[in-house]
Each structure stands twice: as structure tokens, then as C-alpha cells.
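Participant: Position chain B against the provided structure of chain A, taking the given hints into account.
Residue numbers (our numbering), protein chains in the order written: chain A, 22 to 131; chain B, 780 to 895.
Simulated from the structure, these hints should not be mistaken for lab results.
Among these hints, one or two may not hold up.
[Unchecked claim] Heads up, simulated SDA-like pairs for lysine to any residue below, C-alpha to C-alpha not over 25 Å straight-line:
hint : chain 1 : residue 1 : chain 2 : residue 2
1    : B       : Lys836    : A       : Lys77
2    : B       : Lys790    : A       : Val108
3    : A       : Lys77     : B       : Thr875
4    : A       : Lys73     : A       : Glu84
5    : A       : Lys118    : B       : Asp877
[To be verified] Simulated restraints, written as ranges between beta carbons of each label pair:
hint : chain 1 : residue 1 : chain 2 : residue 2 : range
6    : B       : Lys796    : A       : Gly30     : 17 to 25 Å
7    : A       : Phe39     : B       : Ser806    : 38 to 46 Å
8    : A       : Gln66     : B       : Ser852    : 32 to 40 Å
9    : A       : Pro131    : B       : Gln859    : 45 to 53 Å
10   : B       : Leu818    : A       : Lys73     : 32 to 40 Å
11   : B       : Gly878    : A       : Lys126    : 22 to 30 Å
12   : A       : Phe116    : B       : Pro787    : 30 to 38 Å
13   : A       : Glu63     : B       : Lys794    : 27 to 35 Å
14   : B       : Thr857    : A       : Glu97     : 35 to 43 Å
15   : B       : Thr792    : A       : Phe116    : 29 to 37 Å
16   : A       : Asn128    : B       : Arg843    : 31 to 39 Å
All C-beta atoms, glycine included, are put in the ideal place defined by N, C-alpha and C.
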Amino acid sequence: GNSVTQMEGPVTLSEEAFLTINCTYTATGYPSLFWYVQYPGEGLQLLLKATKADDKGSNKGFEATYRKETTSFHLEKGSVQVSDSAVYFCASYNFNKFYFGSGTKLNVKP
Amino acid sequence: GAGVSQSPSNKVTEKGKDVELRCDPISGHTALYWYRQRLGQGLEFLIYFQGNSAPDKSGLPSDRFSAERTGESVSTLTIQRTQQEDSAVYLCASSTRDGPGIYGYTFGSGTRLTVV
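The following block holds chain A by itself, in its conformation from the complex:
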């Protein structure tokens, strides 16, 4: 079947720290992979995506690489800011449907 598992939060970091949020997926076939971000009080926004193996998605300093061999799509950022505080959702898209992880809350302290 299809599912997405991501690390539980909350993750608390100091400003300028390195961020990794782990995400792994199970799928039949070859899904597209996404990270969405949800800022407080807002809807989900697409952060980045990768549609095939070895693709790297990047946006706003965040990166994630589609790793077929480890079925992973970990989110990374070299230096987080307070404004990055939000909930991050990993998702796969397969057979006309998105499968979302449970979300990881990130708190960045000044």
C-alpha cells in the first residue's frame, strides 16, 4: 500500500542551526514526493517537490532528495530562522491521491 512516515515532533532548534526532518514512504510504483508547510493559522503551502528518483527539490533554503534505494525524502536546511517555525508535512502522490505524513512541528528560538 501507500503511506508516509515522518519523524515526530516537536523539533526545537536555535536560530541558524541545521535542520533535518526525516521522511520515508511506502508505495506501489513510483510516486512523486512533496513537502508542504503550514504556518500558524494558515493552510498548507507547497514547499518543494521531486517527481523521480535522484531529483532534488529546493525552495527557500530547504532541500530534499528523492532516494529510491532508501525510500526516503528527508527535508534539510542549513540555517533555520525563527520565521521557519511551522508544521511540515511530507507527502507522496500516487494513483490520483496524496498520502500525507502526520506532520512535524518545528519551533525555532532566537
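Facilitator: Only chain B this time, still in chain A's reference frame:
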């Protein structure tokens, strides 16, 4: 419109009452999805519309839940005889027919439903 619009943004209702939630997708987006997000949890798929095809209702949790969409326009999600476990944020998203796997969805800001 420029984005996906949902109304109301907040709804408080008494247990046992019916509620209707509305979603206006982006103009030209043929696909429309409803998700439910309970507090502190991930997104739960409810229903998917694609143009004039029969909707995928596989995620609706009970027969108290129903949704309609006329053509490629507005959708309404109706919850009958609301229960406290229905309290959640209901998110609507839309996309072009072939877009989701490439561009992802565009989400609305959601309707926060509280059943008291």
C-alpha cells in the same frame, strides 16, 4: 479566483446539528479534494472530485458525511447530526487534472469546525 477559498473560516455548532462547508476552487482547476485535519494529527483524505467523473468517496468516515460538486465549480461538504469527534479543520484543495503529481495541490485556509 486567485486562490482556493473556504467558508466559513470558523464554525461552532451544537452536537446533533447539520453543517455545510463550502469550497471555491481556483478557476480552471478540474480536481477538488477534501481533507480532515484533527488537532495535532495529519491529513485524512475524505473525497475527491475530477471533472464530471464519479467522485472517489472512499475516505468519507460515515454516511453522515456527504459532498457535492457541480461541474468544475463550488463544492459543499455536509456533515449531518454532528458529533464531537467531527471537530477538526476541514481543508479543501484543488489542482489541474494532470497537475497534482507535478505541481501539487493548492490548499485553502480551511474551516475550523468545533462541535460542542
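Participant: State for each hint whether it applies.
Facilitator: Verification of the hints:
{"no.": "1", "hint": "B:Lys836 / A:Lys77", "result": "violated (33 Å)"}
{"no.": "2", "hint": "B:Lys790 / A:Val108", "result": "holds (23 Å)"}
{"no.": "3", "hint": "A:Lys77 / B:Thr875", "result": "holds (23 Å)"}
{"no.": "4", "hint": "A:Lys73 / A:Glu84", "result": "holds (15 Å)"}
{"no.": "5", "hint": "A:Lys118 / B:Asp877", "result": "holds (12 Å)"}
{"no.": "6", "hint": "B:Lys796 / A:Gly30: 17 to 25 Å", "result": "violated (34 Å)"}
{"no.": "7", "hint": "A:Phe39 / B:Ser806: 38 to 46 Å", "result": "holds (41 Å)"}
{"no.": "8", "hint": "A:Gln66 / B:Ser852: 32 to 40 Å", "result": "violated (24 Å)"}
{"no.": "9", "hint": "A:Pro131 / B:Gln859: 45 to 53 Å", "result": "holds (47 Å)"}
{"no.": "10", "hint": "B:Leu818 / A:Lys73: 32 to 40 Å", "result": "holds (35 Å)"}
{"no.": "11", "hint": "B:Gly878 / A:Lys126: 22 to 30 Å", "result": "holds (28 Å)"}
{"no.": "12", "hint": "A:Phe116 / B:Pro787: 30 to 38 Å", "result": "holds (33 Å)"}
{"no.": "13", "hint": "A:Glu63 / B:Lys794: 27 to 35 Å", "result": "holds (28 Å)"}
{"no.": "14", "hint": "B:Thr857 / A:Glu97: 35 to 43 Å", "result": "holds (42 Å)"}
{"no.": "15", "hint": "B:Thr792 / A:Phe116: 29 to 37 Å", "result": "holds (35 Å)"}
{"no.": "16", "hint": "A:Asn128 / B:Arg843: 31 to 39 Å", "result": "holds (36 Å)"}
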